[in-house]
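**Student:** Residues per chain, in single letters:
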Amino acid sequence: NAGVTQTPKFQVLKTGQSMTLQCAQDMNHEYMSWYRQDPGMGLRLIHYSVGAGITDQGEVPNGYNVSRSTTEDFPLRLLSAAPSQTSVYFCASGTAGWLDSPLHFGNGTRLTVT
Amino acid sequence: AQKITQTQPGMFVQEKEAVTLDCTYDTSDPSYGLFWYKQPSSGEMIFLIYQGSYDQQNATEGRYSLNFQKARKSANLVISASQLGDSAMYFCAVNYGGATNKLIFGTGTLLAVQP
Numbered sequence: 001n002a003g004v005t006q007t008p009k010f011q012v013l014k015t016g017q018s019m020t021l022q023c024a025q026d027m028n029h030e031y032m033s034w035y036r037q038d039p040g041m042g043l044r045l046i047h048y049s050v051g052a053g054i055t056d057q058g059e060v061p062n063g064y065n066v067s068r069s070t071t072e073d074f075p076l077r078l079l080s081a082a083p084s085q086t087s088v089y090f091c092a093s094g095t096a097g098w099l100d101s102p103l104h105f106g107n108g109t110r111l112t113v114t
Numbered sequence: 001a002q003k004i005t006q007t008q009p010g011m012f013v014q015e016k017e018a019v020t021l022d023c024t025y026d027t028s029d030p031s032y033g034l035f036w037y038k039q040p041s042s043g044e045m046i047f048l049i050y051q052g053s054y055d056q057q058n059a060t061e062g063r064y065s066l067n068f069q070k071a072r073k074s075a076n077l078v079i080s081a082s083q084l085g086d087s088a089m090y091f092c093a094v095n096y097g098g099a100t101n102k103l104i105f106g107t108g109t110l111l112a113v114q115p
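Chains E and D, in that order, give the protein sequences. Numbered per our numbering, the first sequence spans residues 1 to 114. Numbered per our numbering, the second sequence spans residues 1 to 115.
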């Protein structure tokens, strides 16, 4: 059972470079989301989607883009990386609209921007 | 903005003792869901327990239970008979409902279980 798969696991970027963090899930979940985790700040929501073609901003969307062309995939794009985007990024999926549905998380991507 | 507060950045507990991790939240919505997740040092996020705002009884899952006090807007996690493997970061999260499954997380509590 793959669940939520994130790639890559680690990435080092130079300031100004762009990259895409990949996220795929095989549970047919309508809801997918991206969080960043920084020390002392918990997990903060970047962007989320409730289905293909539908995305919305979370708490900290600046500097990130997303798209959702299929149910399975929800990539996160950094257009011009900045040191402030050094963080651990988690993708998560779940059943939309159900209060009792927990999120299933990927194993995270550790990104360092120098 | 909705806010989840975990006031204990770090805690110690002796093996086999019980420990309570605090969580308070703010909301005026009558309907919401409360979650606790565990993050061991390996980094993965593990779902532990869920409590619905309309649930009459406190949720329990094995050694985990939720002390849910709706009027005080608190949902404390109780771990009974602590084990060394319980050493981890613990996050409280709230789903405020609507058409999404958007979880808002607290800042976490780092629990260390001592032998």
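Some hints could be false.
Straight line, CA to CA, 20 Å or less: simulated EDC-like cross-link-like pairs of lysine to aspartate or glutamate [to be verified]:
1. Lys3/D / Asp22/D
2. Lys3/D / Glu59/E
3. Lys9/E / Glu17/D
4. Lys16/D / Asp86/D
5. Lys3/D / Asp38/E
6. Lys73/D / Glu44/D
7. Lys73/D / Asp100/E
8. Lys70/D / Glu72/E
9. Lys9/E / Glu59/E
10. Lys70/D / Asp22/D
11. Lys9/E / Asp56/E
12. Lys70/D / Glu17/D
13. Lys16/D / Glu61/D
14. Lys70/D / Asp26/D
15. Lys9/E / Glu30/E
The hints are simulated quantities; they were obtained by calculation from the structure and are not laboratory data. Note that the structure is predicted; figures quoted are calculated from it, not measured.
**Student:** If a hint holds in the structure, say so; if it does not, say that too.
**Tutor:** Status of each hint after checking the structure:
Our distance criterion of 20 Å between C-alpha atoms is met by Lys3/D and Asp22/D, whose separation comes to about 14 Å. A C-alpha spacing of about 11 Å is found between Lys3/D and Glu59/E, which places the hinted pair at or below 20 Å, so the restraint holds. Taking the CA atoms of Lys9/E and Glu17/D, the gap is about 36 Å. The hint is violated against a cut of 20 Å. At roughly 11 Å between alpha-carbon atoms, Lys16/D and Asp86/D fall within 20 Å of each other, so this suggested pair holds.
Of the pairs offered as hints, the one joining Lys3/D and Asp38/E holds, with about 17 Å between alpha carbons and a cut-off of 20 Å not exceeded. Only pairs whose Cα atoms come within 20 Å are accepted, and Lys73/D paired with Glu44/D is rejected, the gap being roughly 28 Å. This hinted pair checks out: Lys73/D and Asp100/E have alpha carbons roughly 18 Å apart, not beyond 20 Å. A distance of roughly 36 Å separates the Cα atoms of Lys70/D and Glu72/E; the hinted pair therefore is violated under the 20 Å criterion.
For the hint linking Lys9/E to Glu59/E, the alpha-carbon distance of about 24 Å lies beyond 20 Å, and the restraint is violated. A distance of roughly 14 Å separates the Cα atoms of Lys70/D and Asp22/D; the hinted pair therefore holds under the 20 Å criterion. With a C-alpha separation of about 25 Å, the suggested pairing of Lys9/E with Asp56/E is violated against the 20 Å cut-off. The straight-line distance between the Cα atoms of Lys70/D and Glu17/D is roughly 26 Å, outside the 20 Å bound, and the hint therefore fails.
Among the hinted pairs, Lys16/D with Glu61/D is consistent with the structure: their alpha-carbon atoms are about 17 Å apart, no more than 20 Å. For the hint pairing Lys70/D with Asp26/D, the CA-to-CA distance comes to about 11 Å; that is within 20 Å, so the pair holds. Distance restraint check for Lys9/E and Glu30/E: the Cα-Cα separation of roughly 24 Å exceeds the 20 Å cut-off, and the hinted pair is therefore not satisfied.
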